Structures are given as C-alpha cells and as structure tokens.
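Q: Below, each chain spelled out in residue letters.
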Amino acid sequence: MITLLKNGRIYDPAHGKDGVNADIYIRDGRIVAKPADHEKVDQTYDLSGKVVMAGAIDMHSHIGGGKVNIARMMLPEYQEKHQQKQAQELKGLSEPEAHICSPHCSHHATPSTTDTGFRYIEMGYTAAFEPAISPVNARQAHLEMGDTPMIDKGGYAMLGNDDYFLRLLADKKDQKAINDYVAWILHATQAIGIKVVNPGGINAFKFNQRRLNLDENNVHYQVSAREILQSLSRAVHDLGIAKPLHVHCNNLGAAGNFATTLDTMSASSGLPMHLTHIQFHSYGTEGDKKFSSAAAQIAEALNKNKHITADVGQILFGQTVTASGDSMMQHLNAKHANPKKSVIMDIECDAGCGVLPFKYRDQNYVNALQWAIGLELFLSVEDPWRIFLTTDHPNGAPFTSYPHLIRLLMDKAFRNEAFAKLNLDAQAMSNLTSLEREYSLYEIAIMTRAGAGKLIGLNDRGHLGIGAAADITVYTDQTDREAMFARPDYVFKNGELVVRNGSVVKVVWGVTHTAKPAFDIGVEKDLKDYFDRYQTMQLDNFKISNDEISSDGRGQVVTHQNNKE
Amino acid sequence: MNNQNHNAVPLNATCPACGLLCDDVTLSLTPELSLQNGCTKGIHFFEDAFNTSASASPLLAGKSTNLETAINAAAEILAISKQALFAGLGTEVQGMRNIMSLAKKTNATLDHIHSESTVSNTRTMQNSGWLTTTLAEVKNRADVILAIGTDITSTHPRFFEKLAWNTDSLFDKPTPELIFLGAPEASKKENAAPDGKEPTIIPAKITQLPEVINALNSLLNGKKINVETVAGIPTNTLISLIEKLRTAKYAVIVWSASALKIPHAELTIQSIVQLISKLNENSRAAGLPLNSGDGDSSVNNVSTWLSGYPTRSRFNNGIPVYDTYHFATAKQLASCDALLWISTFNPYPAPNTQAPVIVIGHPDTKFERMPDVFIPVGIPGVDHNGQMFRMDSSITLPLKKLRDTNLPGLSEVIGKIEAKLSNRMIDGTAA
Chain Y
0 MITLLKNGRI
10 YDPAHGKDGV
20 NADIYIRDGR
30 IVAKPADHEK
40 VDQTYDLSGK
50 VVMAGAIDMH
60 SHIGGGKVNI
70 ARMMLPEYQE
80 KHQQKQAQEL
90 KGLSEPEAHI
100 CSPHCSHHAT
110 PSTTDTGFRY
120 IEMGYTAAFE
130 PAISPVNARQ
140 AHLEMGDTPM
150 IDKGGYAMLG
160 NDDYFLRLLA
170 DKKDQKAIND
180 YVAWILHATQ
190 AIGIKVVNPG
200 GINAFKFNQR
210 RLNLDENNVH
220 YQVSAREILQ
230 SLSRAVHDLG
240 IAKPLHVHCN
250 NLGAAGNFAT
260 TLDTMSASSG
270 LPMHLTHIQF
280 HSYGTEGDKK
290 FSSAAAQIAE
300 ALNKNKHITA
310 DVGQILFGQT
320 VTASGDSMMQ
330 HLNAKHANPK
340 KSVIMDIECD
350 AGCGVLPFKY
360 RDQNYVNALQ
370 WAIGLELFLS
380 VEDPWRIFLT
390 TDHPNGAPFT
400 SYPHLIRLLM
410 DKAFRNEAFA
420 KLNLDAQAMS
430 NLTSLEREYS
440 LYEIAIMTRA
450 GAGKLIGLND
460 RGHLGIGAAA
470 DITVYTDQTD
480 REAMFARPDY
490 VFKNGELVVR
500 NGSVVKVVWG
510 VTHTAKPAFD
520 IGVEKDLKDY
530 FDRYQTMQLD
540 NFKISNDEIS
550 SDGRGQVVTH
560 QNNKE
Chain G
0 MNNQNHNAVP
10 LNATCPACGL
20 LCDDVTLSLT
30 PELSLQNGCT
40 KGIHFFEDAF
50 NTSASASPLL
60 AGKSTNLETA
70 INAAAEILAI
80 SKQALFAGLG
90 TEVQGMRNIM
100 SLAKKTNATL
110 DHIHSESTVS
120 NTRTMQNSGW
130 LTTTLAEVKN
140 RADVILAIGT
150 DITSTHPRFF
160 EKLAWNTDSL
170 FDKPTPELIF
180 LGAPEASKKE
190 NAAPDGKEPT
200 IIPAKITQLP
210 EVINALNSLL
220 NGKKINVETV
230 AGIPTNTLIS
240 LIEKLRTAKY
250 AVIVWSASAL
260 KIPHAELTIQ
270 SIVQLISKLN
280 ENSRAAGLPL
290 NSGDGDSSVN
300 NVSTWLSGYP
310 TRSRFNNGIP
320 VYDTYHFATA
330 KQLASCDALL
340 WISTFNPYPA
350 PNTQAPVIVI
360 GHPDTKFERM
370 PDVFIPVGIP
380 GVDHNGQMFR
390 MDSSITLPLK
400 KLRDTNLPGL
410 SEVIGKIEAK
420 LSNRMIDGTA
430 A
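The listed protein sequences correspond, in order, to chains Y and G. Residue numbering for the first sequence follows numbering that gives the first Met the number 0, beginning at 0 and increasing consecutively. Residue numbering for the second sequence follows numbering that gives the first Met the number 0, beginning at 0 and increasing consecutively.
Simulated from the structure, these hints should not be mistaken for lab results. Just so you know, these numbers come straight off a predicted model, no measurement behind them. A few of these clues could be false.
[Unchecked claim] According to the in silico footprint, chain Y covers these stretches of chain G (three or more CB under 8 angstroms from chain Y):
no., segment
1, 123-129
2, 134-141
3, 163-176
4, 272-283
5, 306-317
6, 393-402
[Unchecked claim] Below, simulated PhoX-like cross-link-like pairs (lysine-lysine); rule was C-alpha separation at most 20 angstroms, straight line:
no., chain 1, residue 1, chain 2, residue 2
7, G, Lys104, Y, Lys505
8, Y, Lys453, Y, Lys305
9, G, Lys161, Y, Lys527
10, G, Lys103, Y, Lys505
11, Y, Lys339, G, Lys277
Just so it is clear, CB atoms sit at the ideal spot from N, CA and C, and this is done for glycine as well.
Turn these sequences into a full structure, and let the hints guide you.
A: Dropping the structure here:
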C-alpha cells in the first residue's frame, strides 16, 4: 500500500529542507522514493499549504518508573482538582491555567501511562525518552513504558552513584572494566544511553554528606564527581554509544551553581557530553536576594564548547511535581515543596530518588527568574542542533505545555508580554527583553526532531529522508504558534494515520529503542559474585529480556547500531 | 501431587509468599518437595501450591462446567451490573493489567484484600511524604534496626537472615543492633542471631504505641518528659533509644501497617515518619514499611500507572475516581450488584454479599456459599510466569512457571471475559 502526502511544506533539517514544497510517499511504514508510474497510490492527502515535519522526539521526559509512579500516587488531590477544573472549564466557569495546555491536556503533571501516550501523539510527538532509569528499577520503567500507547519509548540508565561502579573506580580498575560494566548495564536494562545524576552525590548522601561539589570526594570511596564524569564519558565514547553521557550536574537548583556547570563542561576533556535541564544549573548569586541569572555565562560556554549539548528544562508557571534521582538535593529542597510533602528514597545500593510537588508562581522572585533564565538560554545558545526543547517533564512543567513554550520562543511580542507580568524584582534582573531572537519553524524542527534524533542515535527517526520511519506530523500554519503546535491536522505513526485534527483515531503501540554495544561477558563473573554477596536479587533476574518487552504482543525492542559499527 | 510434571531437576524459583520476594529459592520435587533457602512461609506456600489439583474444573452454580461456559456466565453477570465490585485482587502485575482494563469497561470499584492496612501507609505518604529505603540498603548499611509493633519475621521470615545477619556487607559494618518496640517477649528467642545475640525488646501494647512514638518525637525534639515512665516504659529507656537512633550511621525503622490494628493507625505511622524526618536533619535514618502480601505492592503500582490512583478506586465512564473510605470492600459489599473476587496466591474465600458472585482464584478455594461462577486459575510463580513488586516497590522480579497444568492464567480468563463484553456491546445486546 502506498500513501502520498501531496505538496506539503517540508521542514526537514536533516536534509536541509526549509519549507520546500514536496511530496512524500509512504510504503510499509517507511518513507520511499517516488514509485514507478504504474504503481498504484492507494491514498492521497492533499497537504497544500500545510507544515510538514517528522514526528517530534522528546529526548528527556520522566514518563515511567518508580519515582514517576510515586509522584502519581502522592498527589491524588491534584488529579481530582484538575478533573473538577476541567469540568468547570468545559462550562466556561473558571480562568484557564497560567500555562495554557493543549486542548486535550489532562492538566495533570504526571498523567497515567495511557494519557501520557495520548497527550504526546496529539501534539505530534512520536517518541519520548525516560532519562532516569535506575538499573534496579528498570523492569518497572519498561512495564510502564510498555503500557504507554501511541509513541516510541526508550531510556537512559543511571550510573555513577551505584556502589558497584564506585568500587571499580575506587579500586582503580582499568577503563576496560568500566566499559564492560557500562555496556552490560545497557544490555541488562534495555536502555539506549547512560545518565549520571549528581555524580557521586546520591551515594554520598547515604553516608550523610549533604552537598558534593565537582572536585569534592565522596567520603567513603574518596573519588570525586569529576573522576566519575571522566570515567563514564570515556566509557560511553569508547563503546561507541551514539547518545553522549547525559549529565545532571551536581548542585541542582542551588544559587551559584553555574560555576559547577562551567567546570562540568571541562570535565569530559573534549569528549561529547550532554548537560540536562541546564536551566536548573545556571544560577548566580548576584543581587539583594543572592539569586541571579547566569544564563549569559552558560550560553557563552555552550557556544564555545562544540562537544557539549544541553536541554533546557524550562519552567512554566503552575502546579507540578518534581521527580528526580537526586535524593541529596531534593532532600535539601524539601522545605520548598508545595504542598509541603516529599518522598525521598535510598535505593538498593544503586540510586536514590526525591519527589516533591512544586508550584511555580510568576510573582515569586526565584520562580520568575527561573522562567526568564530558561528563555535566556534558549535565545542565547546559537546552535539549535546543540540545545533541546524540554521542561524536564514534569519537573519544570508538564510536557503538555510545549506548544506554549514554542510560542514563547517564536513570538517576541508574546514573550515580552508574559515577561511584563512577572515579579518586578525578577524583571530587573533579566535581560530577556533585549534578546530579539525569534525561533523559526526550521529551528523548532531541529530542536524537536532532527537534533534530538541525531543526538540519541535514532538513524531512521527525526527526519523525512528515504528509508526513514514514516512518523510524520502535519500542522496548519498559524500565527498563534501555541494553537498550531497544540493541534496537528494529522499525525502518522509508521505510516498509519493515528491522529486527525488533534484527536487519536487509531491506537498503536510504539517500539522501545535500545543500544547494545559489544562487551566482554567475563564481566559477569565478578558481577555474579557481587550480586550474591551484597545484593538482594539474583543477577539473572536483574537482566530484562527482550521477551519481557515484547511478549504481550504490543511491545518490540529495536536495537540501534552504535557509532563505531 | 496430582497431574503435574515431576521434574527431577531442581527449579529456581521466586517465592511470592511474602514481600521479600526471595529469588534465591531452589525447589526439589523428588523424592518430596523441599526448598533450599526456603522459610516456613515459603515451604507452606509451595507445598499447598503443588498439592492443588492441576486440572480443577470451573463451576457454574456449584456444578462442573467448561471454561467457555463459565466465562460466558461471568460476562453475563458483569454486563448487566451497574456497580460491580472487584475485590480481593490477589494477583501480580500481568493479572492486574487485565483487571484494570476490565474495570474500565464495567465501571467497577477496585479494592485489594489488604487495603485496610495499605491505605494507612498510602495516606501517610500522600499527606506528609516519607523517607524510605530498600532491602539492599538495609543489608549493607543498617547498624540499628528498630521494629515497631512487629518482630518482622512472623510476616517476613527471612528478613534478619538475609538483611541483618549477613556476613558480607559493602562497608564492613557491624551486625545491626535489633530493637523491637511493642513486640511480644517470645519474639526475643525466636529472633536470636546465629551468634546467640538476642534483640532488645521494649514491651508495649499495640494500643500504647501512639503514646510511645509521640514521646520519642518529643525527646528527639529536645523536650524533657517529666514522668518516670511512658506507657510503662521507663523514660530512660526511651532516651537511650533516641540516642541510639541519633548516633547510628544508618538507622532503619520498620513498621507493619497490618500489625497496627488500632484506630488512627495512619496518625501513628505519620508520627513514625516524623521521627525519621527529624533524625535526617543531622544523621541518616530511613523507614521501611512492611507490606501485607497477596500482591499488594504490584496491584497498587499497576493501578497507579494505569489510572493515576492506587486501589480503592474506580473508573467512572473512563475517568478514574479515588476514595479510600467509600470504596472499601466492607462498604461496597452492601451496595454492589456484582462481586468479582480474585485471589490467586491463597485460597481466600469471597466475603458474603447479596449480589451475584464470580470467584476467579486459587483452585483450592473453599466456599461457605457457592458462588454463581467459580473459575480456578493457575497460581502465579507456580503455574505461570508473571512479574511481582517486592515490598519496597523499587524491585520487580519475574515469577517463573514451575509446572505444567491445564489451569488457565488469570490474565487469560479476564481477557476473555472482557472480549465477551466487547462483543456484546458490538452486538448491541448489552443491557
């Protein structure tokens, strides 16, 4: 069967196409070259004047796993409140949110797995990556992602605070041993990338350390965050994993943390490194309130260091919940929780987590400045291939507010109008209105499609070239970019029409993307001994088989070739 | 043992008999069933499981019938129900996924057999949050373990064997000091370490625990208590307990919601959580709530990711609703117009109700009053594979099929009932 998407305006940065009118042919879920004249086109969509992009890819969104489910469980009142609110809104009885979500937004910061899949596809997103899978909890993360319909999934496994890795490092084991372990973890957890959260800090918190700087040692292992970063970024590089090491820096959310962030950039010694939710790591200490924007310094460093990529983690105003692996910093920040409650966990000599509800308010000095800092970063980082559009869902805001965020980036007047409503002291501390830049559709397509696909190493997603999976989103060009991106006309998943006019017309189940570099299986000998002596589960049960993901007939594991092959 | 493969090779198993979910268990079936790394609870579970009939037949009003007829009858009952109650819910992850799907279709109310206890923990977490830990952290870090209102091992038998008396630990810590607050004196001998060291018992009645824990909170907050004893416990004993918790490198406080059979158990748990929170201002301590069993962690996790809520919930025309008070089984039994009782790990009988009753569960389930439909299904981790959450929720482990039987799995049965309901709706024959 051949489907023709006729005469759309194509934004496909991977092939340099910036709004050119062209036809796209789809066969068997893939984009194909124009078929021979005698071949029958079964279906034609006339897309004249419509904006056509690849399906969007969210490269950092907490969609599944222990802490997300804790966030859901601990905030029943939030879901109830929003259901009432939704009902009221339908009757036109109440003011809309400070951040206006898509028309189908569940208004819930941590939607159920079903809602997650639906809300994503309704916005034209066809893949999302869970950035913080603790290896011991990977089975749960995959179970939840397996119950997430419509989109492709994948995840980054967290290392660097697990006692096995820190022992290797403290014992000065060679890089090969580290590499084998990292590769083994990718296989065992069915992940596509490696993440480190507050390098060494989560582990240090278990030894009662309350902060850890880049060059400070974990008290027990006597290794520094810098050494952890170096070792892991080297391993990711040596193994040829496409996705650079995903780094959540030390000192999350702390005033003055921009210095740590700048130092972290240098810690990879020139190897690729991705700094995540960098907005939360771009804070200075200037001004009366000792909290200021260091977006300019961070952006300058990003512009200079071509081996570094970053996603923003924009905050938007309203109620949300922060769910992080960073138990150390979340415990420290628990006093700011709103409503005032927090779940903090030490997890299995492997990881930690901290979940706190948060309400970002535009009249709060710090929150208002956080909002401005995120936008300053977006507008000051020059290369859209190296900066990615995220809210660190749900930590900065629910992913359903992406259309609003896109409008803030594309529409200066809209942005400045929003800025003028902020806390006045915060306004005085931000240069946002002096930034003239407005993102183009092409740049948005880079940030949310081509760049994200390339960063993660999804060779056949994020672009519209011949052979690509036919994940395609079609929008009506509107000056109101929020309305435009909230409600695509069509979304195709693997060539099938799944969304029409912003509503799901067919339920499908995406695949799970993984990377499985080769390694020396001999690593299991030491690991087996470690599990038998210190862990509370068998090594074999730690590993997740392909069958576990695919046996229900819906899921499928796709393994991507790494760089070196 | 009936109708099953007698396997001469020892089988590796994950034991679902308690929340520790031990996966280091090896079963031998010949010459008779024996367990390596087993415990009393585990042996009991596997013995019962392997003694169940592997070819039990479904019953329709007490008369033997085939599976299809029983599934049709169950679907009929649910099709005309307006307020079905799905209770018991003794199952693992895959079973619960199917139950959720059926509940969405029927607007049924969901409640787990142990919710009465679980809800006290969940509501504490929802009201104030908490700081908790997991089993491997206890094994490698804990130097003081305080158990409140429980000796732990009567419900989680291998707890100390695996997590306190381990000779290997990552940080060369000493064997943890065990303190039982409000456990029976007899538990002292029963929980003696291999080297003979017995736990310290601080006797208190369960009903007195709120008073004792509040006193501990006061002491930790630097307040003086001007009485000699609190609930019969010398104040000095409490002072030295606080001292131990404060100076521990990693204190673990364990409680069992199911043991706290007192009014306002939730407030008592909240008080324990406060104690832990305060300790963490200066030193490290963490809580560890014991679960109650029958897949409670699995059921509540699955329910939460599929609907946003743990159990004591329902779908109302697709919209999930949560009510820990009104959706209790005991309350719903009076008003439901159909009861679907599910208990696959244990042969627990369905509670009494006037409404039509469907039981899907353990083949050995005995009935006081014969249900309208009984469908015996396989036991997870014995008759079929599955996945189960451990008590600490962070770990999910595979359950393995250990024998061949003719028994269908719960997922299969629920899936078929749902398919029947869908067909009825398509046919336009639904009520």
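Q: Let me make sure I understand: some of the numbered hints might not hold for this structure. Which ones are they, in numerical order?
A: none
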